[in-house]
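Chemist: Each protein sequence line maps, in turn, to chains Y and G. Everything in the first sequence is counted per our numbering, starting at 252 for the first residue and increasing by one. Everything in the second sequence is counted per our numbering, starting at 45 for the first residue and increasing by one.
Everything labelled a hint here was simulated from the structure, so no lab data went into it. Every value quoted in this text rests on a predicted model; they were computed, and no experiment measured them. Warning: the hint list may mix true and false statements.
Unchecked claim - Which stretches of chain Y does chain G cover? Using the computed rule of at least three CB atoms under 8 Å from a CB of chain G, they are: (1) 258-265; (2) 472-478; (3) 481-491.
We treat Cβ as the ideally placed atom computed from N, Cα and C, and that holds for glycine.
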Amino acid sequence: MWKYLVKRFLLMFPTLLGVALLTFVLIRVIPGDVVELRYAGDRGSVSQDVLEKERARFGLDQPLWRQFATWVLGVARLDFGESMWTGAPIWQEIRLRFALSLQVAIMATLVAVVLAIPLGVLAALKQDSWIDYAVRIFSIAGLATPSFWLGIVFILLLLVVFHWLPPMIYTPFWVSPWENLKQLIWPALAVGYRYSAVATRMTRSAMLEVLREDYIRTARAKGLVQRLILARHALKNAMLPVLTVVALEFAFLIGGLVVTEQVFNLNGLGLLFVQAVAHRDYTLIQALVMLVAGVFIVVNFLMDIGYAWIDPRIRYR
Amino acid sequence: MGSLLDVVDLQTQFVTRGGVVRAVDGVSWDVAEGETVALVGESGCGKSVSALSIMRLVAAPAGRVVGGRILFKGRDLLQLDEESMRRVRGSEIAMIFQEPMTSLNPVLTIGRQITEGLETHLGMAPTAARARAAELLSMVGIPDPARRLPQYPHQFSGGMRQRMMIAMALACEPALVLADEPTTALDVTIQAQILELMKSLSRRLGVAMLMITHNLGIVARYADRVNVMYAGKIIERGTAREIYATPRHPYTLGLLRSVPRLDEPRRARLDPIEGQPPDLTRLPGGCAFAPRCAFRVERCAVETPPLRPIGAPGHVTACWEAERLTAVREPVGGRR
């Protein structure tokens with residue numbers, strides 16, 4: 252068990268280093284850099300000399316390997332440097348936006364899990380009944396509906412029916428939970444619905460598979476009550492694939508909600524990402540990619556712990 | 045001894061795309077208290093479905109018991125509501141399955157899987173149930189039960205798992221255990237151990253057993269009486285001794301001849317039954333075994349033979365030509 256977790260934990264670091272190298276190289280392959288873009292407005296009136304000077308200020312005149320080494324050593328000390336575009340420390344740029352994106356992701360996950368597990372189990376139990384069909388239509392619709400569109404519908408409905416609009420300005424949860432939730436519950440619902448659709452379908456099919464297993468028949472032959480058979484024998488076995496889709500979807504939500512954030516006027520990581528790429532803000536892009544990759548890797552690690560917790564065959568390997 | 049279980053004219057069917065499969069087709073048999081009865085036949089002859097029908101665990105909605113009565117201690121199990129039936133399962137009738145690998149839940153400890161029955165049926169407190177579970181494990185020959193209880197099925201060998209299935213089945217001291225090919229998935233050496241264990245436990249605890257198997261070798265040693273099934277029907281019944289010594293149905297004879305005998309020289313060739321069991325959706329008229337039968341006469345294809353007494357008391361066969369069989373009976377595995 253511990254050997255397994257330690258191995259998984261140690262594997263996180265080479266993965267991060269690989270991500271760092273790839274990001275570093277790939278963004279430099281895109282034509283243009285932050286200096287060119289900043290002066291692009293005054294076309295032709297900037298001398299090559301000025302551009303070189305600016306580049307030197309950011310260290311862009313150094314050989315690539317040195318730039319990379321400087322950056323990685325900084326990251327190792329959790330120092331991501333400053334944004335090349337705004338000059339502000341990266342951490343300051345990201346902090347609030349990350350808190351916001353993380354919160355929306357967590358809330359959407361809660362919405363998804365709370366919807367998906369009961370619905371999926373119910374649909375599997377009542378396979379091919381009207382309940383099953385209703386759940387399947389509900390989840391297919393969820394897959395087919397873009398979250399941003401659902402977000403627009405939410406806003407319109409709130410406006411038309413209640414003559415109310417969610418707050419447009421972000422209040423951190425620790426400042427005023429009520430104000431914060433009034434704003435963030437709507438994107439969480441819009442995103443959570445689609446997310447729940449994926450998880451519902453996975454729960455349903457995993458349950459259907461597990462319910463056909465021999466050990467379920469054994470449990471029934473033992474005369475256990477249905478509730479116990481479901482909760483203890485079936486659900487625990489069906490949770491592995493569900494855990495996988497929930498975890499991966501969660502990691503995607505950090506930084507993947509560009510359009511939905513726009514709809515709700517949220518200043519999250521998605522928008523910051525787009526801006527950073529548009530400005531060729533190397534330091535910011537690198538930091539954001541590392542952050543999202545870090546989230547993915549940590550979520551994967553937690554998922555491995557979850558697997559081991561659920562399935563003893565993994566735990567004892 | 046009184047009759048513990050009386051199966052009367054049981055009919056179980058499966059609705060499939062290919063038509064209605066009459067897996068169990070009007071079968072009657074009984075088990076006395078403390079007795080071991082065997083149900084023997086090829087794969088797909090309806091023996092497992094018979095056992096699942098008694099437990100009312102035939103996979104719905106495709107499978108359904110459509111007729112007959114299952115009298116257990118005088119009550120018709122088919123008339124019970126689901127909740128009363130649940131109380132019978134595991135506490136009065138228990139089942140041991142064929143595959144000890146897949147029949148145990150991989151994510152629950154052995155202790156949990158034994159104690160949950162005790163807690164459900166006997167209302168035992170967790171600590172008492174654990175003590176009883178340890179007792180059960182040592183009863184089925186698993187050493188060091190206290191250390192074994194918190195372990196998971198994958199940490200045990202196939203034979204050990206089947207011992208656990210037996211412990212689980214006997215947990216609530218049922219009156220009847222249905223054992224569905226309990227040793228088929230095990231190594232030959234382990235098979236004998238498990239069968240001996242089941243035999244001695246059933247004697248000691250006075251548990252009646254229905255032993256489902258395709259292996260007539262097992263039957264001779266471990267069963268009191270034998271029912272031979274073919275294509276959803278019982279075609280011969282008698283004491284194990286009778287069936288073994290003087291089979292009165294060509295199919296039984298064929299089964300006996302196809303059992304390899306290690307105690308005889310290799311001069312004898314194995315003698316398989318030619319052909320395939322019939323398609324249960326389209327049973328021909330007459331005797332279902334007729335197309336594969338060496339004793340076939342014209343009448344066999346037209347008239348279905350009923351079970352009729354022959355020879356010793358309690359010995360019945362469903363064959364028109366049963367009398368001819370005695371004449372050609374050879375020692376099992378003998379030269380032809």
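Chemist: Which of the stated hints cannot be reconciled with the structure, identified by number in ascending sequence?
Modeler: Violated hint (a single one): 1; every other hint is consistent with the structure.
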